[in-house]
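*Asks:* Residues per chain are reported as follows:
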Amino acid sequence: MLFKYLSAKNEDIPPGSAAIFFGFSAIFWFVVGTGLGSFNAAKLAFPDFVTGTELFAFGHMRQVHVLAVIVGWISMAFAMTMMYMTPALGNTRMWSEKLGLWTALLWNVGLSSALLSLWIGITSGREYSDFAWPFDLVILLGVIAPLCVNVIMTIAHRRTQGIYITNWFFGACTFMVGIVLLVGNSPEYFHLTGLSEAYLTWWNAHNLLGLWITPVAAAIAYYTIPKLTGNPLYSHRIGHMHFWSIVVFYSTPASHHLMSSPLPEWLKSFASVEGVLILIPAVAFVANILLTMKGKWSMFVENIEIKFSVTGVFLAIPLNMQGGFQQTRSINWFIHGTGWIVAHAHLALLGMSTFLEIAAVYFGLQQMLKRKLYSLALANFHYWFVLIGFCTYWISMTIAGLIQGAGKIYEVPYIDVVIAEHPYMIARWVGGTMVFTGNLVWLYNMWMTARVGTLVPDGRYAHELAYER
Amino acid sequence: MNNKLTLGKIFFPAFIGGVTTGMGNGSVFGAAVMCAVGRGPYESWGGWGAEQYNPATFSGFVDCMMIAFGVAFFIIQVMAMSRHGKLEAEAVAKGEKPAYF
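Chains A and B, in that order, are what the protein sequence lines are. Numbered according to the numbering used here, the first sequence spans residues 1 to 469. Numbered according to the numbering used here, the second sequence spans residues 470 to 570.
Here chain A stands alone, though its shape is the one from the complex (with noise of 0.2 Å):
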């Protein structure tokens, strides 16, 4: 139904179209990546699962998990809110809906082709940007700078006096991510090996943490929460804030990520420093929401988005006071290479990030189907199997980390800390696979929303209505 509109004039698109085909896109990725994540922890809880052909080795499923959800799932829901949050700010239409039809079609085809060559054994090696060059180029020129540049005329071409926190935001984080792609894959360009690439590659990874993945989670908080309350940001002063002390403290300390390295001293101190000062804008913006849900804390209860954005902000909270304090040196010299970082990736990334990404692809899509969503009922039970799928997740992986940490101070032998930590491996696996469970049921209820769900009359919001199943 969309690919009609590719060879179309920009004026004849309906606005959202490219919103919906990255919102369908993203859920898609979304089921993708979390059914890779539950085949690996498959194979970590019972070895013998699925053995003897290299492809489904750990080794070569792991990243490609990882590159999918990131690129996949959240990147997509990114670009999602983008195409629609962006021209709503802006009370304008999108820069040029083609444009971003074009640049969904381009990510989907890019990210299949780099996935299937990560998974055939073609890497960089380099964790998180672990693609071959080619595919970064693709990603870079293909996908990031079109979605920038789109971003950036439509807030050029705004008809409102002053741009709101989110487009700031926005703009800004497509734009820097731009730049922490281009730096941080440069080792790769040029062919660089040694601390010098080891510092870029953790710059990148670090700040694709720090410039878009928590940043633009937030930013869809500082929309989702005072359109669907009613109430406005509690503070667009503390929202600046936030934004300012993230570009200053949070896209600084990539050194914490090496602190057992060569690296200079001087430097791992001042990245440690640095990290504790991310709480700054992570404080200022969970601050900002609680304080903007006054007197609407029964929708937390009754409505689903805002059900979903207030877990997502609420999971800042630990996330936020783990990451300021798990790259200072005596507890990162504990738990650095245990499950405590994969335990503390997943919250930032299936935890806080996720859970507000899925508020506003609920949200959005809805709005731009003009259409109700399909069933309360699958909605909540995809909320309970990701909250509680991922609390499995989170926690065993977190009790697992800190057994290997044990391990590895006290020097306990690997196989006997490797049997001490088989029933979180298995809680694991449970996990994770709720949360799979709860995303196949998620792209079952969108896609009946978008076939059958109740027509939203023009001028009114989904969330309006009462639903009718």
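Warning: the hint list may mix true and false statements.
Pairwise CB distance ranges, derived in the manner of DEER restraints [to be verified]:
hint: 1; chain 1: B; residue 1: 472; chain 2: A; residue 2: 3; range: 28 to 36 Å
hint: 2; chain 1: B; residue 1: 481; chain 2: A; residue 2: 58; range: 20 to 28 Å
hint: 3; chain 1: A; residue 1: 377; chain 2: B; residue 2: 475; range: 52 to 60 Å
hint: 4; chain 1: A; residue 1: 59; chain 2: B; residue 2: 472; range: 55 to 63 Å
hint: 5; chain 1: A; residue 1: 290; chain 2: B; residue 2: 548; range: 51 to 59 Å
hint: 6; chain 1: A; residue 1: 189; chain 2: B; residue 2: 533; range: 18 to 26 Å
hint: 7; chain 1: B; residue 1: 475; chain 2: A; residue 2: 294; range: 29 to 37 Å
hint: 8; chain 1: B; residue 1: 557; chain 2: A; residue 2: 328; range: 23 to 31 Å
Think of the hints as simulated: they come from the structure by calculation, not from any bench. No residue lacks a Cβ here, since even glycine has one placed at the ideal position from N, Cα and C.
Given the coordinates of chain A, assemble chain B onto it according to the supplied hints.
*Replies:* Just chain B now, with coordinates in the frame of chain A:
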């Protein structure tokens, strides 16, 4: 209404921003430039304007990059905040409440 964001008020926030992004990102961009122009061992990577790169201290070329980044970001912030203050003052003077405050 006058511009409330005078240099005296914005100097320290801009200075902190300059120091932190200078150290954190200047060192990264310095390393990236070394990737682009450098070949072979660090001792002969061919940088300019400072002593050779020493991986034990990270001093040399990266120092210059950090200072350049820090100064540039400080200037950008001073200019941006001054302009913000000016726009805000003009809006208040015209009786337009600045949006989203």
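*Asks:* Given a hint of 28 to 36 Å, does the C-beta separation of residue 472 of chain B and residue 3 of chain A actually sit inside it?
*Replies:* Between residue 472 of chain B and residue 3 of chain A, where Cβ atoms are some 53 Å apart, the hint is violated.
*Asks:* If you check the beta carbons of residue 475 of chain B and residue 294 of chain A, does the distance land in 29 to 37 Å?
*Replies:* holds, 34 Å
*Asks:* Is 23 to 31 Å respected by the C-beta to C-beta distance linking residue 557 of chain B and residue 328 of chain A?
*Replies:* violated, 39 Å
*Asks:* Using the beta carbons of residue 189 of chain A and residue 533 of chain B, state whether their distance is inside 18 to 26 Å or not.
*Replies:* holds, 23 Å
*Asks:* Is the distance from the Cβ of residue 290 of chain A to the Cβ of residue 548 of chain B consistent with 51 to 59 Å?
*Replies:* Check failed, 34 Å falls outside 51 to 59 Å.
*Asks:* Looking only at beta-carbon atoms, does the pair residue 59 of chain A, residue 472 of chain B fall within the given range of 55 to 63 Å?
*Replies:* Holds - the Cβ-Cβ distance for residue 59 of chain A and residue 472 of chain B, about 59 Å, lies within 55 to 63 Å.
*Asks:* Is 20 to 28 Å respected by the C-beta to C-beta distance linking residue 481 of chain B and residue 58 of chain A?
*Replies:* violated, 50 Å
*Asks:* For the hint 52 to 60 Å, verify it against the beta carbon of residue 377 of chain A and that of residue 475 of chain B.
*Replies:* Once the Cβ atoms are compared, 58 Å apart, the range 52 to 60 Å for residue 475 of chain B and residue 377 of chain A holds.
Figure legend: structure checked against the earlier numbered hints; hints not met, in rising order: 1, 2, 5, 8.
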